[in-house]
Amino acid sequence: MRIKLRNFLGKYMIVLVLIGLMIFSGIMTPAFLKPRNILNIFWQTSYVGIIAIGITFVMIAGGIDLSVGSMLALLGAFAITTSNKLGNGVGPTLASILLTYALAALLGLGMGLLTTKGKIPAFITTLGGMAIYRSLVLNFANGGVYMSFSRTFSSFGMKFVAGLPLPMIVFVVYAVLAYIVLDKTRFGRYVYAVGANETAAVYSAIKVDTIRTITYIISGVSVATSAILLSSMMASVSSSSTGSGFELDAIAAAVIGGTSLSGGKGTIFGTFFGALILGVVNNMLVMLNVAVYLQGMVKGLIIIAAVLLQNLRK
Amino acid sequence: MKKLLVVLMLVLTLVSFAAKYKIGVAIPAADHGWTGGMVWWAQYAIKQYQNDPDVEFYLVTAREPSEQIAQVQALLARGINALVINPYESAPLTPICVQAFRQGVYTVIVDRGINSEEYNVYIAGDNYMYGYLAGKYIAEKLKGKGNVVVIRGIPSTIDDERVKAFKDAIAPYPDLKIIAEQPGYWSREKAFEVMQTLLTKFPQIDAVWTGDDDMLHGVLIALRQAGRDKNIVLVGGACEKNIVKMIMDGHPLIEVNFTYPPNMIATAINLAVMGLKGQSLNGFYQKGIPRKIILSTETVTRENAKDYYFPDSVF
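Here the protein sequences line up with chains A and B, keeping their order.
Mapping the first sequence onto my numbering, position 168 (from 1) lands on 168, and the numbers just tick up by one.
Mapping the second sequence onto my numbering, position 231 (from 1) lands on 545, and the numbers just tick up by one.
Worth flagging that the hints you see were computed from the coordinates, not collected in a lab.
Cβ atoms here follow ideal geometry from the backbone N, Cα and C, with glycine treated the same way.
Some hints could be false.
Claimed, not checked - Chain A is nowhere near these chain B residues, computed Cβ spacing over 12 Å in every case:
#1 Gln364
#2 Gly427
#3 Glu503
#4 Phe506
#5 Arg538
#6 Tyr623
Unchecked claim - Straight-line alpha carbon distances no greater than 35 Å define the calculated DSBU-like cross-link-like pairs of lysine-lysine that follow:
#7 B:Lys559 / A:Lys159
#8 B:Lys457 / A:Lys34
#9 A:Lys85 / B:Lys559
#10 A:Lys159 / B:Lys491
#11 A:Lys159 / B:Lys544
#12 A:Lys159 / B:Lys601
Stated by the list, open to error - According to the in silico footprint, chain A covers these stretches of chain B (three or more CB under 8 Å from chain A):
#13 346 to 353
#14 395 to 402
#15 488 to 502
#16 522 to 535
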């Protein structure tokens with residue numbers, strides 16, 4: 001019974017942390033618990049959340065992806081530019097979205113091949129990607145802003161379906177799909193195996209390089225999803241600031257959710273709630289009107305405490 | 315032999331005349347819209363001199379102070395005659411700027427100052443009036459009564475000065491309350507998020523001041539999305555081109571803007587050329603360029619907006 005409770009707490013501690021944070025914020029400012037605000041948090045979290053889900057695959061397989069923030073700007077800019085070129089309407093918009101996904105998959109494939117076949121540490125390839133993508137975006141916009149002129153393209157980013165913001169729905173569906181892939185398929189088990197013990201995986205006839213490469217493609221596709229949603233909502237992408245810092249937030253969300261930085265461990269469940277914790281903290285800072293200069297400290301303390309609480313329960 | 319020497323000397327003088335003045339321009343890399351604008355204006359100014367055989371430019375952009383120091387060192391090694399620099403941060407860049415000045419390089423410091431008086435020209439925007447005029451406008455527009463939200467930029471001395479000035483301007487109106495003051499980090503997405511949250515917290519918001527126009531775009535989206543884009547006074551700043559266009563076209567919520575021009579870098583580049591050539595400012599009886607120039611914060615309204623609209627600029 002005690003062991004069961006302990007297991008339960010270990011697994012769901014992160015949910016308890018989240019609930020605790022929400023109760024605290026709710027007491028401090030009742031407006032925090034308004035359904036509207038909870039929806040907003042979900043909404044605001046979804047962009048980093050979707051990316052974090054992709055990065056969880058990469059991290060469990062023993063890699064890391066630092067390029068996601070710049071990649072978001074690049075893919076968003078690409079989506080806006082192509083939809084501007086192709087024109088208004090559902091057909092052209094779908095085409096530009098598909099092209100964006102194709103580019104994302106290609107970039108993911110490139111990263112994957114460079115790390116696996118090129119034997120370059122993932123930290124370096126994706127750090128390089130981070131610099132290259134950002135520099136490309138800046139160059140094509142000359143440091144300015146990409147604006148969407150296609151009404152169709154900028155129409156769905158802020159859409160509500162059944163009273164829920166579309167990005168939030170995508171985030172939840174995405175999490176469920178990712179959970180199924182990672183937990184219920186052979187590919188998912190291979191991802192864990194590759195990250196936990198590469199040598200053992202090789203001896204078990206697992207195509208380590210292929211599995212790793214696929215995780216980068218998954219990460220790229222996740223970034224594309226987030227980029228399309230965000231650039232549609234803002235109807236613009238800033239070449240200099242859009243997506244900056246997203247890589248750290250996404251990695252933080254995964255780590256808060258229990259994903260190991262050295263691979264082999266992690267869950268989509270954890271990442272999902274890890275991302276929400278970050279979202280709640282960001283929202284809380286504004287809701288409680290925390291002094292500008294102290295916000296970084298408060299955020300840092302909560303993140304560390306969240307991980308510490310989980311570790312103590314194990 | 316003698317002939318050869320003469321020819322050689324002639325060629326050398328010709329070459330040195332062909333690139334008489336070497337001017338290094340060191341600015342921060344674009345990390346938000348305004349700095350993107352500054353890079354654009356630097357390129358713009360340099361392009362204007364492309365047919366002038368007397369001057370030659372080296373433009374460098376840095377992502378952090380140590381990178382900028384290294385860039386300035388490289389420029390000095392190249393033997394520049396003038397340095398136009400927007401220091402990434404005042405303190406770390408001070409020694410290298412002073413060194414340039416002492417070497418006889420004509421040093422023009424732009425916007426963020428250095429902690430020394432050893433330079434030729436300092437040109438900057440007016441952060442105080444930038445915040446003050448925005449506060450005064452909001453106070454008068456609301457007739458001294460209402461709830462105001464302040465969305466500031468990246469916490470920094472520039473930002474502090476603007477916010478303090480804003481508060482000074484509304485201090486005479488006790489019924490004007492700042493109900494929230496939060497950072498939007500000069501980013502559209504962040505300002506959108508902050509505004510969305512504040513709109514759920516406060517049922518009544520009468521005015522929003524954002525530290526610059528990029529963030530005003532985010533606020534506009536949040537207001538539209540919440541269906542509260544009515545009866546609210548909005549003020550941004552720095553004259554981003556799309557906001558100026560809205561003023562020009564008579565946008566119902568945005569009637570005014572205040573300059574903090576990224577084109578000051580272009581002005582500074584011109585000043586460096588004038589300084590090197592020993593020219594003086596038109597209308598000034600004094601010879602030479604003034605040593606300290608604070609650009610006035612100009613008020614942009616529907617009447618004069620077209621003078622501030624640069625559709626080709628990136629900002």
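Evaluated hints:
1. Gln364: For glutamine 364 (chain B), whose nearest Cβ neighbour in chain A is about 17 Å away, the distance exceeds 12 Å, so it holds.
2. Gly427: holds (22 Å)
3. Glu503: At roughly 6 Å from the nearest Cβ of chain A, glutamate 503 (chain B) sits no farther out than 12 Å, so the non-interface label is violated.
4. Phe506: violated (7 Å)
5. Arg538: At roughly 9 Å from the nearest Cβ of chain A, arginine 538 (chain B) sits no farther out than 12 Å, so the non-interface label is violated.
6. Tyr623: holds (15 Å)
7. B:Lys559 / A:Lys159: holds (27 Å)
8. B:Lys457 / A:Lys34: holds (32 Å)
9. A:Lys85 / B:Lys559: This hinted pair holds, its Cα atoms lying about 23 Å apart.
10. A:Lys159 / B:Lys491: Roughly 34 Å between the alpha carbons, so the hint for lysine 159 (chain A) and lysine 491 (chain B) holds.
11. A:Lys159 / B:Lys544: holds (21 Å)
12. A:Lys159 / B:Lys601: violated (62 Å)
13. 346 to 353: holds (count 6)
14. 395 to 402: violated (count 0)
15. 488 to 502: Satisfied; 8 residues make the cut.
16. 522 to 535: Three-residue rule met by the region 522 to 535 of chain B, so holds; n is 4.
When held up to the earlier numbered hints, the structure conflicts with 3, 4, 5, 12, 14 and fits the remainder.
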